[in-house]
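K.L.:
Sequence:
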Amino acid sequence: MKIATYNINGIKARIEALPRWLRAEGADADVICLQEIKSQDAAFPREVFEDMGYTVATHGQKSFNGVAILSRLPLEDVTRGLPGDPDDEQARWIEATVTGTRTLRICGLYLPNGNPAPGPKLDYKLAWMARMEARVRALMALEEPVVFLGDFNVIPQPLDAAKPEAWQGDALFLPESRAAFRRILWMGLTEAIRARAPATPGLYTFWDYQANAWERGNGIRIDHVLLTAQAADLLEDAGIDKQVRAGDKPSDHVPVWVRLAA
DNA sequence: ATGGTCGCAAGGCGA
Numbered sequence: 001m002k003i004a005t006y007n008i009n010g011i012k013a014r015i016e017a018l019p020r021w022l023r024a025e026g027a028d029a030d031v032i033c034l035q036e037i038k039s040q041d042a043a044f045p046r047e048v049f050e051d052m053g054y055t056v057a058t059h060g061q062k063s064f065n066g067v068a069i070l071s072r073l074p075l076e077d078v079t080r081g082l083p084g085d086p087d088d089e090q091a092r093w094i095e096a097t098v099t100g101t102r103t104l105r106i107c108g109l110y111l112p113n114g115n116p117a118p119g120p121k122l123d124y125k126l127a128w129m130a131r132m133e134a135r136v137r138a139l140m141a142l143e144e145p146v147v148f149l150g151d152f153n154v155i156p157q158p159l160d161a162a163k164p165e166a167w168q169g170d171a172l173f174l175p176e177s178r179a180a181f182r183r184i185l186w187m188g189l190t191e192a193i194r195a196r197a198p199a200t201p202g203l204y205t206f207w208d209y210q211a212n213a214w215e216r217g218n219g220i221r222i223d224h225v226l227l228t229a230q231a232a233d234l235l236e237d238a239g240i241d242k243q244v245r246a247g248d249k250p251s252d253h254v255p256v257w258v259r260l261a262a
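Taking this note's numbering, I'd label the letters of the first sequence as residues 1 to 262.
20 Å max Cα-Cα, derived EDC-like pairs, lysine to aspartate or glutamate:
1) K121 / E133
2) K2 / E25
3) K12 / E47
4) K249 / E215
5) K163 / D208
6) K249 / E25
7) K242 / D30
8) K121 / D87
9) K163 / E215
10) K121 / D85
11) K12 / D252
12) K62 / D88
13) K2 / D233
14) K242 / D28
15) K242 / D208
16) K121 / E176
17) K242 / E191
18) K121 / E89
19) K12 / D248
20) K163 / D252
21) K2 / E144
22) K2 / D30
23) K2 / D237
24) K2 / D28
25) K2 / E236
26) K2 / E50
27) K242 / E215
28) K249 / D208
29) K12 / E50
30) K242 / E16
31) K2 / E191
32) K12 / D51
33) K249 / E16
34) K242 / D252
35) K121 / D88
36) K12 / D41
37) K242 / E25
Simulated restraints, written as ranges between beta carbons of each label pair:
38) D87 / R137: 18 to 28 Å
39) E89 / E25: 36 to 46 Å
40) E25 / L139: 32 to 42 Å
To be clear, the hints were calculated from the coordinates, so they are not data collected in a lab.
For each residue, glycine too, the CB sits at the ideal point set by N, CA and C.
Construct the complete structure from the given sequences, taking the supplied hints into account.
P.N.:
Written as structure tokens, this is what we have:
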């Protein structure tokens, strides 16, 4: 089973590029977690994807944020929202269960950006990450295959930025953000891309629209796939579909995927 | 040092 994450930066703006990638030679994703759909549930063009054979589950809001899951397999037990703060109205978390040869819990996430930092945006990011840590811990206790994937808005290491010095002081690269990411990861998850390529430089998932970042190779790696031990045991391959950034009217992010023996 | 580019949606905010 191939599972992917793709921050599309607006479903309306990506209504050509997203199906183009889904149909692309070699893409062949079974489950796709989308971020920044920037749409309410009722406005999401679900029939476009249903006509392609996908089941669609959305957790949207007006104008900003919003996550969704597309799946060739039935989506069961869909839940929306990250537990831990009933007053949090931002649509950034969706879970579903899919069954191929194995049953997997899929958690699609859009972690807060946190800029400008310091300030309330960073406080929200770190509080959100603490809530995520609690949710991960609860799911890990089940000792089942779980996949956490999405736009984490965290550059884990200097290796994950073409110009790490340019990100000093940015919420994506602050020591507090990176430490919170490690607290989640080091509970015992496997980060799929680094499991396959531990020290390979130049692996990026985002290139800013500004200042010709793509043409200059000025990227960062902020979209991640984290696996529980039971999911990591099924890991066959992982990759980044970098070429998508060179397509017509692209998102500023590209898809990241894993293939699991499931 | 500043502003550079997008998306949403219709003026700025978020990234």
